[in-house]
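S.K.: Read off the chains here:
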Amino acid sequence: MKKNPILTIGTIGMVIILFLSFVGPYLPFVDPDLLEEKPFFRYHDGLMQVAPYGPSSDFLLGSDRNGRDLLSLLIVGTRPTLSFVLSVCLLRYLIAVPIGLLISNPNGPSFLRVFIQTWSKMASYVPTIFIIILLANSPFVLFSDNRTIWLIVLIAFLEIGRVSDFISSYIEKIKSEDYISAGIMVGNRFSGLVKRYFWPHTLPQIVINFSLDISRTIFLIGQLGIFSIFISHVVAMAGYDTFNIINTSITWPMLLTNVIQDIRIYPWIPFWTSIFIAFSSFSFYLISEGLRKKTQNPNN
Amino acid sequence: MKTLWSSKIVRWSLLSIILILFLLPGKTDEILIQKSVKPVYDFSMEVYKNNIIDFIELLKTEHGLGLSKYQVPVSQEIAHYFSRSLFIVFPAFFISILLGIAKGIFDYTLSERKWNVFGNGTTWLGQSLPDFFFVISIQYVLLLLIRMGFPKLDLFGYDHWYNIFFPIIFLSMYPLFYIARITSSALASEASKDYVRTAMSKGTSMQKIVLRHMLKNAMLTILTHFFTVMVLLISSLPIVEFLTYYRGAARRLIEGFGIKPVITSPISINIETTLVIGFIGIFLFFLFAALWVSNIIKAFVIPNSNLKITDVISSLLLFIFIAVILVLIVLLPRDIDFIPISMVTEINGLWLEVL
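Protein chains in written order, with my numbering: chain A, 1 to 300; chain B, 1001 to 1355.
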């Protein structure tokens, strides 16, 4: 613990996030019925106030535009936010890891190897945020009933090439080590090598990168929130020939949607939201950094 | 779907379902049924084909990209916004490289001491905290200062010459820490090499060894990351321009995507097709140029490396491939169709009270 303070701090951060997601909604100061409609005005000290209310003793961090307590919203929003991010990363690694192991086989499909390398190169050439905004706003995704699933698949797939390429090049790197030659000498076939030599050495690297990807994805969906790309929404009729796209999730990035106006008038809404996003992104980054240090120096 | 709705069986069965719903005992006191319509995407290959043909025709006949929604030639608008973005991208690039290397050296020299928190610690913070977090918190602090009586400066926008400072600072933040990280790890991997030990045995000061010898070798590693820095800069360009009210290319591009919370008649989602395609083209061209400028610099500096014409062609083909895919997505038809739906709203008690 003393030797690897980075990992300790990161783990504490992750425990806080887990606590907020599973126990948080039942805490006494958290408003249990956030999804119910609230009055958007209130009487306070004999004066009438219109939501959003500033930070006060009633609303510790203030309230959002619908008069809901911001602290409760952020705490209750932890679990949906994290489950979205985790689904993206899990899907990405579930597909990318087997592909990465497959293409590291010298007798494996060479077409697949070229394909993955090209994919990885393409993703490194272009800023992904532009592509995700373009795709998320394409009519297929915009009017789909399964928008959340579409978005998870899109964000996960864009980076599959990078992860597979990373795994195969890591295996390429450790192939020249002595213990691998020893493994080949005692008669291991490729599948045996993967099982007994490559996998145990690659797994820590996968965990490190997985944690880093969680940190990056939290970062990314925060950016999407600023551009009003909702994670889940309904298209509802608002009047004759008019439809509103209404956000239906209570994830953190959705509180950043009106950031341009909020930052000048109700700065507590984007400020505290970005604090929550930054905190979780930082925690997962530190876990990844701490684990990296641990693998480099196992004595820690 | 429309034919389905017009069939008698569907209507009758729907009606009977509604009746059954009314008769069903349940927790809800009343069920309200509203007729409404729901927009669905109406994809037709024919329209798509026409869109593509029209676009190619436009390229042939107009020798440009037509007029934008402000009735200005698109090419003129792109040149205007893109050059404005370059005003912040290039300074941010040099700042992040220079300060990043300095920060990396600082991190490396502190890494073995107790003050590591100020070296690597701050670099980790800079690497993991989102760019919008910096922008939002600094704006919040400025707002608090102004409320306390600090003189109000018009720092955001694009009217004054000094408006470029904030975007440059925010833009260079993330790449700066990226380069710092690369530099300090490159220096750390040089530390165990023989020439460092020789220099140390001769009694050369550590400062001199780091600056004169190790940094030169580490530069070779740092050089290979120049293109990544450019990609990182372009990635955070939309957020930075959006949040600092700087009307540059990325902000105009996002505006061109037509993300709106309200969809109104005429029933199609507006995307400024030619403008978006133009911006995609110029951004990709810029990144391609950046890739090859950095490759050429690398070839000059790193011994025994040679540039292959096949590499240039293959990366050019890749960029063209990306461009074609993106253009095909932009050209997707954006018509929507309506299907009637019945919205079932459950009302708990409330309706009865009214009655």
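If you're looking for bench data, these hints aren't it; they were derived computationally from the structure. Errors might be hidden in some of the hints.
[To be verified] A short list of chain A residues far from chain B (calculated; beta carbon distances all over 10 Å):
#1 P127
#2 V153
#3 L286
[Stated by the list, open to error] Calculated lysine-lysine pairs in the DSS-like style (CA-CA distance at most 30 Å, straight line):
#4 B:K1038 <-> B:K1008
#5 A:K294 <-> B:K1038
#6 B:K1038 <-> A:K3
#7 B:K1038 <-> A:K293
#8 B:K1008 <-> A:K173
#9 A:K3 <-> A:K293
#10 A:K293 <-> B:K1008
#11 B:K1216 <-> A:K121
#12 A:K175 <-> A:K195
#13 B:K1038 <-> A:K175
All C-beta atoms in this analysis are idealised placements derived from N, C-alpha and C, irrespective of residue type, glycine included.
S.K.: A separate judgement is required for each hint: does it hold in the structure or not?
M.R.: Comparing the hints with the structure gives:
1. P127 (chain A), annotated as away from the interface, has a beta carbon of chain B within 10 Å; the closest lies near 4 Å.
2. Chain B leaves V153 (chain A) outside its interface by the beta-carbon criterion, the shortest separation being 15 Å against a cut-off of 10 Å.
3. Interface exclusion of L286 (chain A) from chain B breaks down, the closest Cβ pair being 7 Å apart, not more than 10 Å.
4. Between K1038 (chain B) and K1008 (chain B) the alpha-carbon distance is near 21 Å, which keeps this suggested pair within the 30 Å criterion.
5. Taken as a hint, the K294 (chain A) and K1038 (chain B) pair is broken in the structure, with Cα atoms around 54 Å apart against an allowance of 30 Å.
6. As the CA atoms of K1038 (chain B) and K3 (chain A) are separated by approximately 59 Å, the hinted pair breaks the 30 Å bound.
7. At most 30 Å may separate the alpha-carbon atoms for a hinted pair to count; K1038 (chain B) and K293 (chain A) exceed this at roughly 54 Å.
8. The hinted pair formed by K1008 (chain B) and K173 (chain A) fails the criterion: a straight-line CA distance of about 68 Å is larger than 30 Å.
9. Distance hint between K3 (chain A) and K293 (chain A) is fulfilled; the C-alpha atoms sit about 10 Å from each other, no more than 30 Å.
10. Distance restraint check for K293 (chain A) and K1008 (chain B): the Cα-Cα separation of roughly 70 Å exceeds the 30 Å cut-off, and the hinted pair is therefore not satisfied.
11. Between the alpha carbons of K1216 (chain B) and K121 (chain A) the distance comes to roughly 28 Å, so the proposed pair stays at or under 30 Å and holds.
12. Distance restraint check for K175 (chain A) and K195 (chain A): the Cα-Cα separation of roughly 14 Å lies within the 30 Å cut-off, and the hinted pair is therefore satisfied.
13. A hinted pair counts as satisfied when its Cα atoms are at most 30 Å apart, and K1038 (chain B) with K175 (chain A) does not qualify at roughly 57 Å.
The structure fails to meet hints 1, 3, 5, 6, 7, 8, 10, 13 from the earlier list, while all remaining hints are met.
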